[in-house]
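Novice: If you want the building blocks of each chain, they are given just below.
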Amino acid sequence: MKIYVCVKHVPDSAATITVVDAKAIDTGITFLVNPYDEHALTEAAMIAGQTDGAEVIAVCVGPPSAANTLRSALAMGSDRGILVSTEGETAGLPDSMATARALAAVITADGQPDLILTGKEGIDTEGMQTMFRLAQQLDMPAATNVTALELAGDHVLATCEKEPGTREVLQLTRPCVLAAGKGLNTPKYPTFPDIVKARKKTINTITWEQLDMVPAAGGIEIEHLEPADEARRPKALEGDAASVAAELVRILREEAKVL
Amino acid sequence: MSKQYDAIIIGAGIIGAPIAYELTRMGYKTLSVDKLADAGEGSTAGSCAIVRAHYSTEDGVAMAYEGFKYWLDWENYLDHVEDEKGLAKYMNTGSLLIKSQGHKWRDVQKHYDAVGVQYEEWDNDKILKEIPVLDLHEFWPVKRPEDPTFFDEPSKMLEGGIFCPEGGYVNDPTLSTHNVMRAAEAKGAEFQFNAEVAKIRSADGKVQGITLTDGTEIDAPVVVNCAGPHSFKINQLAEGVWEGCNIKTKALRHEVMYCPAPEGYDYLNDGYHQSDGDIGCYVRPEVGNLYLIGSEDPDCDPQEWVDPDEFYAGKGGHGRDNQLTDEQWKAQCYRLGRRVPTLQVPNQPNGVVDLYDCSDDWIPVYDKSDLGGFYMAIGTSGNQYKNAPVVGRMMAELIDACEKGLDHDAEPFQYKMKYTGRMVDVGFYSRRREINYNSSFSVNG
Numbered sequence: 455m456k457i458y459v460c461v462k463h464v465p466d467s468a469a470t471i472t473v474v475d476a477k478a479i480d481t482g483i484t485f486l487v488n489p490y491d492e493h494a495l496t497e498a499a500m501i502a503g504q505t506d507g508a509e510v511i512a513v514c515v516g517p518p519s520a521a522n523t524l525r526s527a528l529a530m531g532s533d534r535g536i537l538v539s540t541e542g543e544t545a546g547l548p549d550s551m552a553t554a555r556a557l558a559a560v561i562t563a564d565g566q567p568d569l570i571l572t573g574k575e576g577i578d579t580e581g582m583q584t585m586f587r588l589a590q591q592l593d594m595p596a597a598t599n600v601t602a603l604e605l606a607g608d609h610v611l612a613t614c615e616k617e618p619g620t621r622e623v624l625q626l627t628r629p630c631v632l633a634a635g636k637g638l639n640t641p642k643y644p645t646f647p648d649i650v651k652a653r654k655k656t657i658n659t660i661t662w663e664q665l666d667m668v669p670a671a672g673g674i675e676i677e678h679l680e681p682a683d684e685a686r687r688p689k690a691l692e693g694d695a696a697s698v699a700a701e702l703v704r705i706l707r708e709e710a711k712v713l
Numbered sequence: 002m003s004k005q006y007d008a009i010i011i012g013a014g015i016i017g018a019p020i021a022y023e024l025t026r027m028g029y030k031t032l033s034v035d036k037l038a039d040a041g042e043g044s045t046a047g048s049c050a051i052v053r054a055h056y057s058t059e060d061g062v063a064m065a066y067e068g069f070k071y072w073l074d075w076e077n078y079l080d081h082v083e084d085e086k087g088l089a090k091y092m093n094t095g096s097l098l099i100k101s102q103g104h105k106w107r108d109v110q111k112h113y114d115a116v117g118v119q120y121e122e123w124d125n126d127k128i129l130k131e132i133p134v135l136d137l138h139e140f141w142p143v144k145r146p147e148d149p150t151f152f153d154e155p156s157k158m159l160e161g162g163i164f165c166p167e168g169g170y171v172n173d174p175t176l177s178t179h180n181v182m183r184a185a186e187a188k189g190a191e192f193q194f195n196a197e198v199a200k201i202r203s204a205d206g207k208v209q210g211i212t213l214t215d216g217t218e219i220d221a222p223v224v225v226n227c228a229g230p231h232s233f234k235i236n237q238l239a240e241g242v243w244e245g246c247n248i249k250t251k252a253l254r255h256e257v258m259y260c261p262a263p264e265g266y267d268y269l270n271d272g273y274h275q276s277d278g279d280i281g282c283y284v285r286p287e288v289g290n291l292y293l294i295g296s297e298d299p300d301c302d303p304q305e306w307v308d309p310d311e312f313y314a315g316k317g318g319h320g321r322d323n324q325l326t327d328e329q330w331k332a333q334c335y336r337l338g339r340r341v342p343t344l345q346v347p348n349q350p351n352g353v354v355d356l357y358d359c360s361d362d363w364i365p366v367y368d369k370s371d372l373g374g375f376y377m378a379i380g381t382s383g384n385q386y387k388n389a390p391v392v393g394r395m396m397a398e399l400i401d402a403c404e405k406g407l408d409h410d411a412e413p414f415q416y417k418m419k420y421t422g423r424m425v426d427v428g429f430y431s432r433r434r435e436i437n438y439n440s441s442f443s444v445n446g
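The listed protein sequences derive, respectively, from chains A and B.
Residues in the first sequence are numbered consecutively from 455, following the working numbering.
Residues in the second sequence are numbered consecutively from 2, following the working numbering.
No wet-lab data here; the hints were simulated from the structure.
Mixed in with the good hints, there may be bad ones.
Unchecked claim - Capping the alpha-carbon separation at 30 Å, the derived lysine-lysine pairs in DSS-like fashion look like this:
#, chain 1, residue 1, chain 2, residue 2
1, B, Lys4, A, Lys655
2, B, Lys105, B, Lys86
3, A, Lys651, B, Lys207
4, A, Lys689, B, Lys36
5, B, Lys36, B, Lys234
6, B, Lys331, A, Lys642
7, B, Lys234, B, Lys207
8, B, Lys30, B, Lys157
9, B, Lys130, A, Lys651
10, A, Lys456, A, Lys636
11, B, Lys331, B, Lys105
12, B, Lys111, B, Lys417
13, B, Lys331, A, Lys655
14, A, Lys689, B, Lys130
15, A, Lys689, A, Lys456
16, B, Lys405, B, Lys234
17, A, Lys651, B, Lys70
18, B, Lys105, A, Lys654
19, A, Lys642, B, Lys130
20, B, Lys331, A, Lys636
Claimed, not checked - Quick look at which bits of chain A chain B covers, simulated, 3 or more residues with Cβ under 8 Å:
#, segment
21, 487-501
22, 552-562
23, 581-593
24, 683-692
Claimed, not checked - Calculated from the model, a selection of chain B residues having no Cβ within reach of chain A, i.e. all distances over 12 Å:
#, residue
25, Asp108
26, Asp215
27, Thr326
28, Glu328
Keep in mind the model is a prediction, meaning the values are calculated, not measured.
Where a beta carbon is used, it is the ideal one built from N, C-alpha and C, also for glycine.
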């Protein structure tokens with residue numbers, strides 16, 4: 455059994471993001487495994503641990519520095535990694551169409567997947583497109599925001615969180631693409647012995663030119679990027695406890711619209 | 002007309018607030034000014050607030066042991082003041098000093114004997130009985146994960162440790178400072194926040210007062226620099242003060258990490274404060290069953306001396322600003338991961354980045370200055386939180402003695418500690434001292 459886990463190399467959500475030339479972010483910050491992908495990696499390692507002869511392969515499309523992110527994936531239980539290096543790509547980072555084609559090409563060239571796991575979205579672009587495009591490229595069914603999954607013969611039963619308050623159980627034929635939601639598991643982070651083992655595992659780097667793929671007919675480019683205004687505007691509520699509580703409820707209901 | 006006080010204290014952190022409190026109790030009309038919005042919100046907020054007795058000098062051990070008595074008697078110290086935010090809590094976990102090449106632990110043991118600090122010697126079996134998650138191999142010397150030998154298999158074992166049943170941490174350093182502020186206010190002290198000092202005015206070799214950035218002038222014959230990482234900037238504003246210090250201070254960037262305890266190990270309730278020079282780390286429990294992992298400044302780690310204003314504004318770039326770095330996250334967590342092999346290390350760094358107000362020899366300057374009426378409680382080097390109540394009383398008595406005519410440079414003030422009764426030669430902390438090479442030159446002090 456081969457389980458491929460697609461891992462994205464994303465900025466640390468706690469980092470201070472600086473926009474450069476209105477086109478890209480300053481990359482001199484910490485990058486790491488996309489948090490949703492940690493659930494996919496944990497699930498893959500758990501399934502592999504229960505299946506004789508199973509192999510988990512982490513795949514990433516990104517710059518050479520994304521090897522560190524793949525090394526984290528290996529420490530979380532993947533057996534080996536494949537990095538599709540975007541080094542030298544003049545058009546900037548690939549969009550979801552190009553990424554999906556690259557992932558499909560590299561997975562097809564590597565082996566026969568029984569299962570492909572991803573996170574439900576990348577926390578940087580929040581596009582939620584790549585996994586569906588990957589499934590389309592490979593002619594596989596797909597389900598997203600998976601919070602439980604069970605292998606059943608040639609099928610997978612996937613529980614997916616839908617709109618608030620509902621969840622559905624889907625039966626998908628295998629191989630399929632499943633995108634992990636937060637509820638799937640608690641990520642199992644590596645211990646020092648896991649980190650030592652990961653140092654000895656292989657990461658195979660493939661250049662963009664080495665991929666056997668037909669470029670997408672269309673594409674998306676960032677026309678303009680600007681930082682979102684996240685300035686905090688603290689406001690002190692004054693008065694007795696009852697009036698402060700009433701005003702707080704009014705603000706939450708009428709201004710923040712969260713109640 | 003400018004406002005008049007007997008003493009102005011610059012900085013309302015854990016050093017400045019107790020000085021204001023004690024001066025007020027001695028009858029001084031004090032005003033504390035701080036550029037931030039409340040007490041203890043500067044580098045105090047980033048303190049690990051550890052209370053332990055081991056220091057590299059006997060005087061250091063003595064002061065820490067004295068400080069411990071204050072934390073045990075916190076409500077009494079505050080004269081039972083009410084703080085609407087509640088009182089900070091001292092968590093007495095006990096403190097284990099690992100015997101290693103990274104600490105002069107034999108000297109520490111000698112100082113414990115001299116001062117009367119309670120301790121037990123634990124062999125490796127006893128340590129493992131108390132802390133079963135540990136691997137007691139020796140990993141010395143401390144290295145970084147970028148060094149391939151970091152991952153070498155160890156062969157030797159450690160030699161045990163020294164356990165002090167008295168030791169632990171304060172659960173909220175900011176709150177503890179707020180408590181002291183409320184206690185000081187109850188005695189008549191005043192605090193002014195969002196107040197940044199622009200000038201320190203003087204005439205005829207005597208300080209006259211301060212001017213704030215909004216132009217407000219406040220007069221006092223005594224001004225005390227407790228500005229933490231900004232201490233060197235404040236000294237530079239005061240005529241002749243910076244030049245008169247043989248020991249200087251500057252701001253050192255430091256990262257502290259939070260990492261979840263191993264599954265099944267209740268570190269929060271069962272764990273100890275642990276100082277481990279063999280891996281260059283100290284740890285204590287944190288809410289959420291986390292390990293708080295501090296660095297003991299091993300030689301292999303880079304030291305980033307920064308401008309405090311740029312740092313707090315998030316400027317300076319990778320490794321110089323107030324963001325955790327992946328490199329240091331891995332360095333500190335992997336080092337602890339060697340000692341605690343079941344520790345899970347998340348991919349995303351989690352912790353605190355703040356500044357030490359660091360002196361040339363990592364020992365504080367508690368002293369007068371070359372400007373009459375201007376005093377300094379600076380260079381606390383990441384290790385004086387625990388001593389703050391003692392420093393408050395000692396500085397207040399030093400200031401009072403000098404204002405009454407003592408020539409502290411010629412005849413250093415002798416301070417009698419309240420609980421242990423030991424005398425402290427305050428000249429030990431002189432600005433004019435030569436660098437003290439007995440110091441650990443680290444956060445250990």
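Novice: Work down the list of hints and note, for each, if the structure agrees.
Specialist: We went through each hint and held it up to the structure:
1. A threshold of 30 Å between alpha carbons decides the hint, and for B:Lys4 with A:Lys655 the separation of about 70 Å lies outside it, so the pair is violated.
2. The suggested pairing of B:Lys105 with B:Lys86 is violated, with an alpha-carbon distance near 40 Å, which exceeds 30 Å.
3. At most 30 Å may separate the alpha-carbon atoms for a hinted pair to count; A:Lys651 and B:Lys207 exceed this at roughly 66 Å.
4. A hinted pair counts as satisfied when its Cα atoms are at most 30 Å apart, and A:Lys689 with B:Lys36 qualifies at roughly 20 Å.
5. Distance check on the hinted pair: B:Lys36 and B:Lys234 sit about 13 Å apart at the alpha-carbon level, within 30 Å; holds.
6. Taking the CA atoms of B:Lys331 and A:Lys642, the gap is near 17 Å; set against the 30 Å cutoff, the hint holds.
7. With a C-alpha separation of about 19 Å, the suggested pairing of B:Lys234 with B:Lys207 holds against the 30 Å cut-off.
8. Of the pairs offered as hints, the one joining B:Lys30 and B:Lys157 is violated, with about 60 Å between alpha carbons and a cut-off of 30 Å exceeded.
9. Distance restraint check for B:Lys130 and A:Lys651: the Cα-Cα separation of roughly 28 Å lies within the 30 Å cut-off, and the hinted pair is therefore satisfied.
10. Under the criterion of a C-alpha separation no larger than 30 Å, the hint pairing A:Lys456 with A:Lys636 is consistent with the structure, at around 23 Å.
11. With a C-alpha separation of about 26 Å, the suggested pair B:Lys331 and B:Lys105 falls inside the 30 Å cut-off, and the hint holds.
12. Straight-line distance between C-alpha atoms of B:Lys111 and B:Lys417 comes to about 22 Å, which keeps the hinted pair within the 30 Å bound.
13. Taking the CA atoms of B:Lys331 and A:Lys655, the gap is near 19 Å; set against the 30 Å cutoff, the hint holds.
14. Restraint check for A:Lys689 and B:Lys130: the C-alpha separation of about 52 Å exceeds 30 Å, so the hint is violated.
15. The hinted pair formed by A:Lys689 and A:Lys456 fails the criterion: a straight-line CA distance of about 54 Å is larger than 30 Å.
16. A distance of roughly 28 Å separates the Cα atoms of B:Lys405 and B:Lys234; the hinted pair therefore holds under the 30 Å criterion.
17. Restraint check for A:Lys651 and B:Lys70: not satisfied, since their Cα atoms lie roughly 47 Å apart, outside the 30 Å limit.
18. With a C-alpha separation of about 37 Å, the suggested pair B:Lys105 and A:Lys654 falls outside the 30 Å cut-off, and the hint is violated.
19. Simply put, A:Lys642 and B:Lys130 have alpha-carbon atoms about 27 Å apart, close enough for the 30 Å limit, and the pair holds.
20. For a cut-off of 30 Å, the pair hint linking B:Lys331 to A:Lys636 stands: about 25 Å separates their Cα positions.
21. With 3 residues carrying a beta carbon less than 8 Å from a beta carbon of chain B, the segment 487-501 of chain A meets the three-residue requirement, and the given coverage holds.
22. Residues of the segment 552-562 of chain A lying with their CB closer than 8 Å to a CB of chain B number 0, which falls below the three-residue condition for coverage.
23. For the segment 581-593 of chain A, the assignment as covered by chain B is violated, since 0 residues bring a beta-carbon within under 8 Å of that chain's beta-carbons and 3 are needed.
24. With 0 residues bearing a CB less than 8 Å from a CB of chain B, the segment 683-692 of chain A misses the requirement of three and the coverage assertion fails.
25. For B:Asp108, the requirement that its beta carbon stay farther than 12 Å from each beta carbon of chain A is met, with the minimum near 31 Å.
26. Every CB of chain A lies more than 12 Å from the CB of B:Asp215, the least distance being 20 Å, so the non-interface label holds.
27. The beta carbon of B:Thr326 sits about 7 Å from the closest Cβ of chain A, which is not more than 12 Å, so the claim that it is off the interface is violated.
28. A beta-carbon of chain A is positioned within 12 Å of the beta-carbon of B:Glu328; the least distance is around 9 Å.
Checked against the numbered hints above, the structure violates hints 1, 2, 3, 8, 14, 15, 17, 18, 22, 23, 24, 27 and 28; every other hint is satisfied.
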